[in-house]
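K.L.:
Sequence:
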Amino acid sequence: MTAKPDEIDLHGLTVDEAIPLVDEFLHKARKARLLRVWVVHGKGTGTLRRAVRDHLTKHPLVMRCSTAEAWRGGDGCTQVDLNN
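Residue numbers for the sequence shown, in my numbering: 4 to 87.
Treat the hints loosely; a few may be bogus.
Heads up, simulated DSSO-like pairs for lysine-lysine below, C-alpha to C-alpha not over 27 Å straight-line [stated by the list, open to error]:
| no. | residue 1 | residue 2 |
| --- | --- | --- |
| 1 | K61 | K31 |
| 2 | K61 | K34 |
| 3 | K7 | K34 |
| 4 | K61 | K7 |
| 5 | K31 | K46 |
| 6 | K7 | K46 |
| 7 | K7 | K31 |
| 8 | K61 | K46 |
Because the hints were derived from the structure by calculation, they are not lab data. If you're wondering where the values come from, they're calculated on a predicted model, not measured in any experiment.
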């Protein structure tokens with residue numbers, strides 16, 4: 004799988020594994036001056052999605068986050084808009 008600078012895939016990770024990776028990803032995105040990124044967490048039981056979204060809503064680099072459009076993964080992906 005080719006890594007995309009505007010997307011991180013957390014499939015198969017636990018919350019404890021995923022959160023530090025999300026932080027690192029957001030800092031790299033900020034350094035690359037990206038304004039919008041996507042966090043792919045899958046649908047599953049919703050545990051990872053809820054934890055990631057909760058973390059994102061409190062993150063200082065995040066302006067807002069929301070469910071991605073259907074073509075980007077819908078409930079299995081979170082769209083993140085970064086602060087300017």
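K.L.:
For every hint, state whether the structure bears it out.
P.N.:
Tested hints:
With a C-alpha separation of about 18 Å, the suggested pairing of K61 with K31 holds against the 27 Å cut-off. Note on K61 and K34: the hinted pairing holds, with a Cα-Cα distance of about 19 Å set against a maximum of 27 Å. For a cut-off of 27 Å, the pair hint linking K7 to K34 stands: about 15 Å separates their Cα positions. This hinted pair checks out: K61 and K7 have alpha carbons roughly 24 Å apart, not beyond 27 Å.
Restraint check for K31 and K46: satisfied, since their Cα atoms lie roughly 25 Å apart, inside the 27 Å limit. Using a Cα cut-off of 27 Å, the hinted pair K7 and K46 holds, with the two alpha carbons roughly 20 Å apart. Annotation: proposed proximity of K7 to K31 holds, straight-line Cα distance about 12 Å (limit 27 Å). For a cut-off of 27 Å, the pair hint linking K61 to K46 stands: about 22 Å separates their Cα positions.
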